[in-house]
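Participant: Listed below, chain by chain, are the residues.
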Amino acid sequence: MILNASGCLDALAAPDVARRLDAFVTKTVTPLPREGNAPVRIAETDAGMLNSIGLANPGIDRFLAATLPRLAELAIRLWVSVGGFATDDYADLCRRLDERDEVQVIELNLSCPNVEGPEETVVDIVTAARASTGKPLFAKLSAAVPDVAATATAAAEAGADGLSLVNTIRGLALDERTLAPTLATATGGYSGPALRPIALAAVFAAYRATGLPIVGMGGVETGRHALELIAAGASACALGTVLFADPRAPGRVRTELAAESRTHGFETPLAARGASHTIVSSLLSDKTKKPAIASEM
Amino acid sequence: MQREALRVLASEPVGPYRLLRLARGRLDPGMPGQFFMLSPPGHLLPRPMSLCLAPPRELVFLIDPVGKGTRALAEAEPGETMTVLGPLGNGYCLRVEKPLLVGGGIGVAPFPYLSHALGEPPALLGFRTAHHAAAAALVPNAEVVLDPTLVTDVMPSDYDVFACGPEPMLWAVARRAPDAQLAWEAPMACGFGACYGCAVEIGGELRRLCVEGPILELKASRWRKVRRREAA
Ligand SMILES: Cc1cc2nc3c(=O)[nH]c(=O)nc-3n(C[C@H](O)[C@H](O)[C@H](O)COP(=O)(O)OP(=O)(O)OC[C@H]3O[C@@H](n4cnc5c(N)ncnc54)[C@H](O)[C@@H]3O)c2cc1C
Ligand SMILES: Cc1cc2nc3c(=O)[nH]c(=O)nc-3n(C[C@H](O)[C@H](O)[C@H](O)COP(=O)(O)O)c2cc1C
Ligand code: FES
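Sequences listed follow chains A and B, in order.
Quick note: the first sequence, position 44, residue 44 per the working numbering, numbers continuous.
Quick note: the second sequence, position 186, residue 186 per the working numbering, numbers continuous.
It is worth saying that the hints were derived from the structure and are not from the lab.
Here a beta-carbon is modelled for each residue, glycine too, at the ideal position from N, C-alpha and C.
There could be a bad hint or two in this list.
[Unchecked claim] FRET-style restraints, in silico, Cβ to Cβ:
no.: 1; chain 1: A; residue 1: Glu-267; chain 2: B; residue 2: Arg-95; range: 50 to 60 Å
no.: 2; chain 1: A; residue 1: Glu-99; chain 2: B; residue 2: Arg-175; range: 42 to 52 Å
no.: 3; chain 1: B; residue 1: Thr-83; chain 2: A; residue 2: Pro-33; range: 34 to 44 Å
no.: 4; chain 1: A; residue 1: Glu-267; chain 2: B; residue 2: Glu-205; range: 42 to 52 Å
no.: 5; chain 1: B; residue 1: Ser-157; chain 2: A; residue 2: Glu-35; range: 50 to 60 Å
no.: 6; chain 1: A; residue 1: Glu-99; chain 2: B; residue 2: Asp-179; range: 38 to 48 Å
no.: 7; chain 1: A; residue 1: Ala-258; chain 2: B; residue 2: Arg-176; range: 56 to 66 Å
[Said to hold, decoys possible] Quick list of in silico lysine to aspartate or glutamate cross-link-like pairs, EDC-like style, CA-CA up to 20 Å:
no.: 8; chain 1: B; residue 1: Lys-98; chain 2: B; residue 2: Glu-201
no.: 9; chain 1: A; residue 1: Lys-135; chain 2: A; residue 2: Asp-22
no.: 10; chain 1: B; residue 1: Lys-68; chain 2: A; residue 2: Asp-89
no.: 11; chain 1: A; residue 1: Lys-135; chain 2: A; residue 2: Asp-89
no.: 12; chain 1: A; residue 1: Lys-135; chain 2: A; residue 2: Glu-102
no.: 13; chain 1: B; residue 1: Lys-68; chain 2: A; residue 2: Glu-176
no.: 14; chain 1: B; residue 1: Lys-68; chain 2: A; residue 2: Asp-175
no.: 15; chain 1: B; residue 1: Lys-98; chain 2: B; residue 2: Asp-158
no.: 16; chain 1: A; residue 1: Lys-135; chain 2: A; residue 2: Glu-157
[What the hints assert, rightly or not] To be clear about the criterion: a stretch of chain A counts as covered by chain B if any three or more of its residues have a C-beta under 8 Å from a C-beta of chain B, and this derived list gives those stretches:
no.: 17; stretch: 2 to 11
no.: 18; stretch: 246 to 252
So that you can see chain A by itself, here it is in the shape it has in the complex (with noise of 0.2 Å):
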């Protein structure tokens, strides 16, 4: 399954991107509308880019008043991310959400710098989301945690379907000829090709601690990204700074993906799912033996 990343893509800006998806999803919702943060919000940087957009968005009555009439028209499934600053913001949005039939599953973005915490603070969002809706509920959690798999954990007895996997992580790019902070912002978050380690190990943890749905992300640009994400513990897969380089990824990554698949033995990609840690498994328990590729598939 290939979606975007949130913020990655406006499907109603470029709607045959966003129907080359398994499903959309939403730029994160807050409550209030929010314009994000002044210029400059992006820079490109060594093996990745940074944003600072800040979460610019309509709020939640517009959203649910203009925009997502407009996206059901599309007729494609609908993730809606959303982010809050306080616990009661996560409960009203979901709630605000469960009415609504176009909705097929939620994302808590839980890894926007203002909500950023303890897994107490995961708990309690999560929790209340959780008591607000009955439809899916995917965690959205960031890799700059001291154990991911202790907060994948507390998200999924709080109550999550699935997990989110990752967010981007805080950086600095400096201009070539002043010094100065590129972003207006000065920091901000660190997307593409150097989060694909940091990916896997965050989604192999999370797999491991929890066995939950993970929706895998970070610098995924081909086929064998996405294979390697699924490997590791991913049930689906989303793109995220590589459609702004190649909108048409979407496409192309479902197709190498299928073809990486079946060239190790794989007829599904989602056969893959785990194999990484079948792998392992076999190779701690005896070290004799050659690794046998996941024989529970």
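Using the hints provided, position chain B with the ligands relative to the given structure of chain A.
Facilitator: Chain B with the ligands only, in chain A's frame:
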């Protein structure tokens, strides 16, 4: 929105700039003032470039190598391929009575194509040095001024102004010609509304320049999207 890997035909110096000629492939050249996203070899993100010229079977861009990405674009060698997405954005509205092109520096980039579409109207171009002014040769009927003279010092009134250039020049043009159509710039990661990186203040709000622009008019101190009247 089409995307294709195009062959580099030539890269010619024009003063400090580079004229990059690409085989057109199946891409549509679009309207003057529209732009394309060009992927510099070895870079993650594409860079926005206005179409400069559209001879048969070619797309030609004028590039000012100001940073890593534009340097990589300028250094592309004939025979290499370069991925190009576009045309994007709104473009200039060409239905005017008395056109005048007003540009500064690399702001001349969209003018050769625009001048052709408008029947080669007069153009007023400002440059930092005579070396930079080499680019004026690409624009028919151009009058050139050099620093410290500014285009707005010599700009006649009663024209329908098409402007492209650095931000202070655009503001100065808009003060003298309130109906001018101005080509605005912002750093862009995608060019098709996906990243929200290109926000500029339009109509008192931060809006995406690649969706609303890049051609805007300044009315009552507020940017407005230029609507292509032909399309209405
Ligand atoms: C619609 C549009 C059309 C354009 N047409 C042309 C063109 O025809 N020819 C041309 O040479 N340039 C054009 N530009 C500007 C060009 O896209 C930028 O100069 C380029 O993206 C800079 O990339 P870089 O990696 O070389 O520079 P960087 O290393 O990223 O930055 C170098 C300097 O340029 C500034 N900068 C970065 N991006 C932009 C930007 N998009 N606009 C203004 N300043 C920026 C940075 O803040 C920095 O000071 C256009 C921009 C837009 C938005
Ligand atoms: C420009 C930009 C905007 C983003 N906006 C959001 C957002 O609104 N909500 C969110 O949960 N993640 C947001 N993200 C993070 C992505 O969804 C994704 O987690 C991250 O970019 C890693 O994937 P990638 O390396 O493939 O881009 C944004 C990322 C980028 C680059
Ligand atoms: S450049 Fe990405 S939204 Fe405009």
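Participant: Next step is simple, just say for each hint if it's right about the structure.
Facilitator: Here is what the structure says about each hint:
Between Glu-267 (chain A) and Arg-95 (chain B) the Cβ separation comes to about 59 Å, which falls inside the hinted range of 50 to 60 Å. The given range of 42 to 52 Å is respected by Glu-99 (chain A) and Arg-175 (chain B), whose C-beta atoms sit roughly 50 Å from each other. Against the hinted window of 34 to 44 Å, the Cβ-Cβ separation of Thr-83 (chain B) and Pro-33 (chain A) comes to about 36 Å, which satisfies the hint. Take Glu-267 (chain A) and Glu-205 (chain B): their Cβ atoms lie about 50 Å apart, and the range 42 to 52 Å holds.
About 36 Å separates the C-beta atoms of Ser-157 (chain B) and Glu-35 (chain A), a value inconsistent with the hinted range of 50 to 60 Å. Checked against the given bound of 38 to 48 Å, the beta carbons of Glu-99 (chain A) and Asp-179 (chain B), roughly 47 Å apart, stay inside it. A hinted range of 56 to 66 Å holds for the C-beta pair Ala-258 (chain A) and Arg-176 (chain B), which are about 59 Å apart. Annotation: proposed proximity of Lys-98 (chain B) to Glu-201 (chain B) is violated, straight-line Cα distance about 29 Å (limit 20 Å).
Restraint check for Lys-135 (chain A) and Asp-22 (chain A): satisfied, since their Cα atoms lie roughly 18 Å apart, inside the 20 Å limit. For the given pair, Lys-68 (chain B) sits about 42 Å from Asp-89 (chain A) by alpha-carbon distance, which is inconsistent with the 20 Å threshold. A distance of roughly 17 Å separates the Cα atoms of Lys-135 (chain A) and Asp-89 (chain A); the hinted pair therefore holds under the 20 Å criterion. Of the pairs offered as hints, the one joining Lys-135 (chain A) and Glu-102 (chain A) holds, with about 11 Å between alpha carbons and a cut-off of 20 Å not exceeded.
Between Lys-68 (chain B) and Glu-176 (chain A) the alpha-carbon distance is near 9 Å, which keeps this suggested pair within the 20 Å criterion. Restraint check for Lys-68 (chain B) and Asp-175 (chain A): satisfied, since their Cα atoms lie roughly 11 Å apart, inside the 20 Å limit. In summary, the hint linking Lys-98 (chain B) to Asp-158 (chain B) is supported, as the alpha carbons are separated by about 8 Å, within the 20 Å threshold. Taken as a hint, the Lys-135 (chain A) and Glu-157 (chain A) pair is honoured in the structure, with Cα atoms around 16 Å apart against an allowance of 20 Å.
With a threshold of 8 Å between beta carbons, the proposed coverage of the stretch 2 to 11 of chain A by chain B holds, since 4 of its residues qualify and at least three are required. Counting residues of the stretch 246 to 252 of chain A whose CB falls under 8 Å from any CB of chain B gives 3; the rule of at least 3 is met.
Hint check: violations occur at hints 5, 8 and 10; the rest are consistent with the structure.
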